[in-house]
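*Asks:* Each chain, letter by letter, is given below.
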Amino acid sequence: MINEKVGVYVCHCGTNIAGTVDVHEVAEWSGRQEHVAVSRDYKFMCSSLGQDLIVDDIEEFGLTRIVVASCSPHMHEKTFRGACLRAGLNPFFLEMANIREHVSWATSDKAAATQKAKALVKAAVERSVYHKALEPIPVTIEPATLVVGGGIAGISAALELAEAGHPVYLVEREPSIGGHMAQLDKTFPTLDCSACILTPKMVDVGQHPNITLMTYSEVEEVSGHIGSFQVTIRKKARHLDEELCTGCGICEERCPIKVVDQEFEAGLGKRKAIYRPFPQAVPKFPVIDEEHCTYFLKGKCKLCQKECPTHSIDFTQQDEVCQVEVGNIILATGYDLFDSRRIPQYGYGRLRNVFTSLEFERMVNAAGPTGGNIVLRDGLTAPKSVAVIHCVGSRDENYHEYCSNVCCMYSMKFAHLVHERVPDAEVFNFYIDIRASGKGYECFYHRLLKEGTHFVRGRVAEVTDAAQRPEEEGKLIVQAEDTLIGAQRRIPVDMVILSAGMEARHDSQELAKRFGLGCDFDGFFVERHPKLDPVATMTEGIFIAGACQGPKDIPASVAQGAAAAARVAGLIDRGTIMMEPVKASIRTDQCSGCRICNNLCPYNAIEYHLETNVSEISTALCQGCGTCVAACPSAAIDGAHFTNDQLMAEIEGILWDQRETEREEEEAAVPA
Amino acid sequence: MEHKEKPKLAMYWASSCGGCEISVLNIGEHILTVDQVFDLVFFPCIADFKVSDVANYPDGYIDLCLFNGAIRNSENEETARLLRQKSKVMVAFGSCAYEGCIPALSNLTSKQATLATVYDDNPSLDNPEHIRPLEEAEVPEGMLDLPEFYDRVKTLDQVVPVDYTIPGCPPEPEQIWAILQVVVAAFTEGAPLPPPGAILGAGDRALCDECPLAREEKAVSRFYRPFEIDPEPGKCLLDQGIVCMGPATRNGCKALCPRVGMGCRGCYGPMEGVEDQGAKMLSAIASTIDVGDPADLDEEELERKIEEVVATLPDPAGTFYRFSMGHSLLRGARPEPEAVTEGGGS
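Here the protein sequences line up with chains A and B, keeping their order. By this note's numbering, the letter at position 357 of the first sequence is numbered 357, and the numbering carries on one by one without gaps. By this note's numbering, the letter at position 129 of the second sequence is numbered 129, and the numbering carries on one by one without gaps.
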C-alpha cells in the first residue's frame with residue numbers, strides 16, 4: 001500500500017513555460033491526482049523564494065515526495081535536490097517533469113502543451129512514489145592528473161596544476177610538446193612571435209618538478225572513475241637512452257638521410273632520419289624515424305651511434321608500456337587542419353604556387369625552410385601579388401558548416417606579413433564575412449584596410465592557371481563573385497594561400513570512446529554545458545580544453561586549459577567527493593550466470609565469478625548507464641533510481657488519459 | 001485421518017492440448033497416493049463428471065483446482081468462473097493457463113484471420129461453401145448454441161483471481177508431485193501453504209543456473225535454426241548462435257532441452273520482476289550480436305551488418321513469445337481487422 005504525500009510545483013519560468021502551458025490549470029489538476037497532497041504554481045521555482053516554498057511545505061505538510069515541473073533535470077535537478085536536503089528529505093525523493101524543453105519550447109499549441117504537461121506531471125508523481133532513499137558514495141581523489149596533449153591548452157593546464165603543487169602526467173603523441181602553436185610564426189592581433197611566447201612555457205613544463213613529461217607516447221587504455229583512473233600509456237621507442245643523451249645534436253648533423261618533413265615543416269622543409277621536430281623542442285631528445293633510417297631499412301649505417309659522444313643511441317630499444325593512476329584527466333588533444341586537397345577546384349597539390357596556411361606559416365618563420373622569405377615554390381621569386389582565400393573547408397555545406405573561428409584573423413595576419421616582407425606586392429583577401437570579434441581584433445582589421453589590402457567579399461569559385469587574357473598568362477587566376485559590386489571577377493596573382501579551417505582530430509571518435517565521452521556531429525568533444533560548464537564532460541573526472549572541444553584561438557585555448565586545471569584543482573583540494581549513487585547492482589540470488597551482461601559494460605565494471613557462477617558489478621566503476629539492466633534477461637540487475645517499478649509507474653502515468661479511455665471503452669463493451 | 005473427509009481435487013482443461021493431464025499422470029505410481037488422499041470431484045480427462053455436478057457443489061467445496069488451458073472462448077471463461085467460485089485454492093496449471101502459451105500467439109492476428117485459416121485457407125480443407133460455426137443455429141430439433149469465440153486469448157488470471165501458478169509446457173512430473181506433497185501436507189497435517197500468488201514447481205533463477213553447458217562471454221555473428229547446425233557438445237547453445245531462451249526463463253525443469261542440444265523454448269516463463277519475457281530476451285539477444293568493433297564501421301555499414309545478423313532470426317514473435325504472449329506487456333497485435341485478414345502472425 002503506497003502512502004506517500006507528494007508536493008507538485010509547476011514553474012512558470014517567466015513566460016518560458018507559462019506563455020504556452022496553462023500552469024494554473026496543470027497545478028489545479030495535479031492537486032486532484034492520487035498521492036498529491038499539495039500543488040502549486042510559481043513564477044520561478046529555481047529562485048530562493050521558489051525553493052523556500054518546497055522547504056516550507058515539506059515541514060508543514062510532511063511531504064515525502066517532491067515533483068517539480070519545470071526545466072530539464074540537467075539544468076536544475078541539483079537545485080531542487082538541495083531544497084529537499086535542506087528540509088531533511090532525501091534528495092532522491094525528488095522527481096522533475098521537464099515541461100519547458102519537452103513541452104513549451106516544442107510547440108505553440110497551448111491546449112496540446114497543457115495536456116502533455118499534465119501527462120508528464122502525472123508520470124513524475126506515479127514514479128516518485130516508488131523512489132527509494134539513496135545515499136551518495138564517497139570517493140577519494142588521487143591528487144595526480146593526466147593531461148593528454150601538449151599543445152598550448154595542455155601546457156597551460158599542466159603548468160597551472162603543477163604550480164598549485166599537484167603532480168601532473170603530460171602525455172604527448174609527437175616527439176616534442178608545443179603543438180600547432182610551435183609551428184606558427186606570429187600571433188594575431190599583437191604580432192608577437194609565437195615561438196618566443198611559447199617556448200618559455202615549454203621549458204617550464206620540461207623542468208617542472210611536478211610534471212612528468214611523456215612525449216612520443218600515447219594513452220592506450222583508461223579504466224576506473226573519477227578519483228581513480230588507471231591509465232595505460234605506450235612510450236614509443238625513441239631508440240636512445242634519455243639518461244645519457246645531452247641533446248647536443250651531433251647525431252642529427254651526421255645522419256646522412258634527408259626526409260621531407262611533412263609534420264613540423266608542413267612539407268616545405270627537410271629533416272634527418274634522426275631528428276628533433278624543431279630546435280627548441282622539449283624534451284631536447286631526438287627520435288629515430290624507423291621508416292627512413294638506413295639501419296632499420298637495411299641493417300647497416302649506425303653513423304649516429306658511432307658519432308654520439310655519450311653513447312646514448314640504442315637501436316634495440318622497444319616500446320615501453322607503463323601504468324599510472326590519476327584522479328582526473330584533462331583532454332587537450334587539439335585539432336587537425338582541414339586538408340585543402342579535398343577542394344580540387346582550389347588547385348592545392350596540382351597548381352604549384354597554391355600554398356596552405358600552414359605552409360605559409362612555416363615560410364614566413366625566420367627559422368623556417370626559407371629563412372622567412374616569402375617566395376614561390378621555386379624558392380627564389382618573391383610574389384608580386386598574393387591572394388588569401390578565407391573559409392577553406394569552413395562555412396561550406398560540402399565540408400564543414402561551422403566557422404573555424406581563427407581563419408579571418410590569421411588570413412589578415414598573412415596579408416600584413418606580405419605587406420611587411422614584400423612591400424610592393426598586392427594582396428587580395430577573399431572573404432565571406434570578416435569575423436573579428438576578439439579583443440583588439442577589429443582594430444587589426446582596420447589596420448589592414450589602411451595597409452592597402454584588397455578585401456573582396458565573395459566565395460572563390462576556382463583557382464586556375466588557364467589564362468583567358470594576356471595579363472593572366474603565367475599567373476594563377478582567382479575567380480570569384482564580388483558580392484559588393486555584384487560582378488564576377490578574375491584576379492591574376494602569383495601566389496594563392498588557402499586559409500584552411502580547423503577540424504576534429506581524425507581519431508577523435510576513437511579517443512572519445514577510450515575516455516568515455518561524447519562527440520558532436522563534427523567530431524569535437526561535447527562539453528557538459530555549452531555555456532555554464534564548458535570544460536567538464538558528461539563523464540565525471542574527465543575535462544576538455546582547447547580546440548578538441550571546437551575551433552578556437554590561442555587566448556581561448558589558454559583560458560580553457562587554465563579553467564580545466566582550476567576545476568581539477570578544486571576536486572583535488574576537496575580530497576573526497578560524493579558520487580551519485582545511481583549505480584547498477586546484481587542480485588546474486590537471482591543471477592543464473594548466463595553471462596549476457598559480461599561484455600556489454602562500456603566501463604568494464606562487470607566481472608563473472610566462475611566459482612559461484614554469478615556476475616558482479618563493481619560499484620566504483622559503474623557509471624549507471626543502464627545498459628546491463630536492460631540486457632539482463634533475468635531481471636537480476638537493478639539500476640538504482642531507475643528500477644522497473646519506477647519506470648513502469650512512469651509509463652502508466654504518462655498514458656493516464658489513454659488508460660481512462662480504455663477503461664471507458666471496456667465498461668461500455670460489457671453488456672449490462 | 002480415519003473419519004476426516006478427504007480433500008477434494010479438480011482438474012480442468014480449457015483451451016489446451018491435454019499435455020498437462022498427461023504430465024499429472026506421469027507422476028507414475030504416486031497417482032495412487034493422489035487417489036488415496038484426494039476425492040476426485042471433477043476431471044473431464046479421466047472421469048465422467050458434468051459441469052452441472054460442479055454447479056451443484058456448494059461454494060468452496062473443491063479444495064484444490066488445477067486449471068489448465070487458456071481462455072479462448074466463452075465456455076472456457078464460464079467454467080473458470082464456476083470453478084473459482086467452487087474452489088478454495090485455484091491454480092493456474094501449465095503455460096496456457098499461466099501465460100496463454102501457443103493459443104495466445106493468435107493474439108498477433110484477428111479472430112477473423114484465425115477462423116479463415118481454420119475454415120478456409122488450409123490445403124487440407126474442403127469447404128467450398130465457406131461454412132463457419134455459428135453461435136446459434138436453428139435445426140429441426142430446436143436451437144443449438146456454441147460458445148463465443150473470443151477476439152483475444154486471455155490467461156486465467158485475466159479472468160479470475162488465481163492463488164498459485166505452476167509454469168511449464170507441461171509442468172514436469174517431479175515438480176507436480178513435489179507440489180502435491182506440499183498441498184497434501186497442508187490439508188492433512190495443517191502444514192503451511194506457500195504464500196498466496198507464489199509460483200510453484202520452479203526455481204528463482206534462470207535456466208542457465210541448472211544447465212551443465214559451459215558459457216563464455218557472448219558474441220554471436222549469426223544465429224542458427226536447429227536444423228542448420230550440429231551443436232558442439234558441452235558448449236552453451238546461445239554462445240554457438242542457437243537461440244536458447246534459458247537466460248530469460250525460470251529454472252525447475254533441470255534444463256531438459258539444452259542438455260540434448262535443443263535450445264530452451266522458454267516454457268517455464270519469465271523470472272520474478274520481468275513483465276515481458278519476449279522483450280527481455282530480445283534485448284538480451286540484441287546485446288549478444290557481434291559485428292566487429294562499431295568504431296571501425298560507419299553508421300550505414302553498422303546498420304546493414306546488424307540487419308544481416310537479425311535476418312538469421314526468423315519469426316521473432318513465435319520464437320521469443322512462444323509461451324508468454326498472453327501475459328506479456330505486448331499482449332498481441334493491435335486489432336485492425338481490415339489490415340490483418342490473411343492468416344499468419346509472424
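Don't take every hint at face value.
Here are the simulated distance ranges between beta carbons [what the hints assert, rightly or not]:
hint: 1; chain 1: B; residue 1: Ile306; chain 2: A; residue 2: Thr612; range: 49 to 57 Å
hint: 2; chain 1: A; residue 1: Asp520; chain 2: B; residue 2: Ile306; range: 38 to 46 Å
hint: 3; chain 1: B; residue 1: Leu256; chain 2: A; residue 2: Glu25; range: 54 to 62 Å
hint: 4; chain 1: A; residue 1: Trp105; chain 2: B; residue 2: Gly197; range: 20 to 28 Å
hint: 5; chain 1: A; residue 1: Pro138; chain 2: B; residue 2: Gly197; range: 37 to 45 Å
hint: 6; chain 1: B; residue 1: Leu256; chain 2: A; residue 2: Thr612; range: 48 to 56 Å
hint: 7; chain 1: A; residue 1: Asn604; chain 2: B; residue 2: Met262; range: 55 to 63 Å
hint: 8; chain 1: B; residue 1: Gly197; chain 2: A; residue 2: Glu662; range: 46 to 54 Å
hint: 9; chain 1: A; residue 1: Glu25; chain 2: B; residue 2: Ile306; range: 57 to 65 Å
Honestly, the hints are just simulated from the structure, not real lab data. Cβ coordinates follow ideal geometry from the N, Cα and C atoms, glycine included.
*Asks:* If a hint holds in the structure, say so; if it does not, say that too.
*Replies:* Outcome of the hint check:
no.: 1; hint: Ile306(B) - Thr612(A): 49 to 57 Å; result: violated, 33 Å
no.: 2; hint: Asp520(A) - Ile306(B): 38 to 46 Å; result: violated, 24 Å
no.: 3; hint: Leu256(B) - Glu25(A): 54 to 62 Å; result: holds, 59 Å
no.: 4; hint: Trp105(A) - Gly197(B): 20 to 28 Å; result: violated, 45 Å
no.: 5; hint: Pro138(A) - Gly197(B): 37 to 45 Å; result: holds, 40 Å
no.: 6; hint: Leu256(B) - Thr612(A): 48 to 56 Å; result: violated, 24 Å
no.: 7; hint: Asn604(A) - Met262(B): 55 to 63 Å; result: violated, 34 Å
no.: 8; hint: Gly197(B) - Glu662(A): 46 to 54 Å; result: violated, 25 Å
no.: 9; hint: Glu25(A) - Ile306(B): 57 to 65 Å; result: violated, 45 Å
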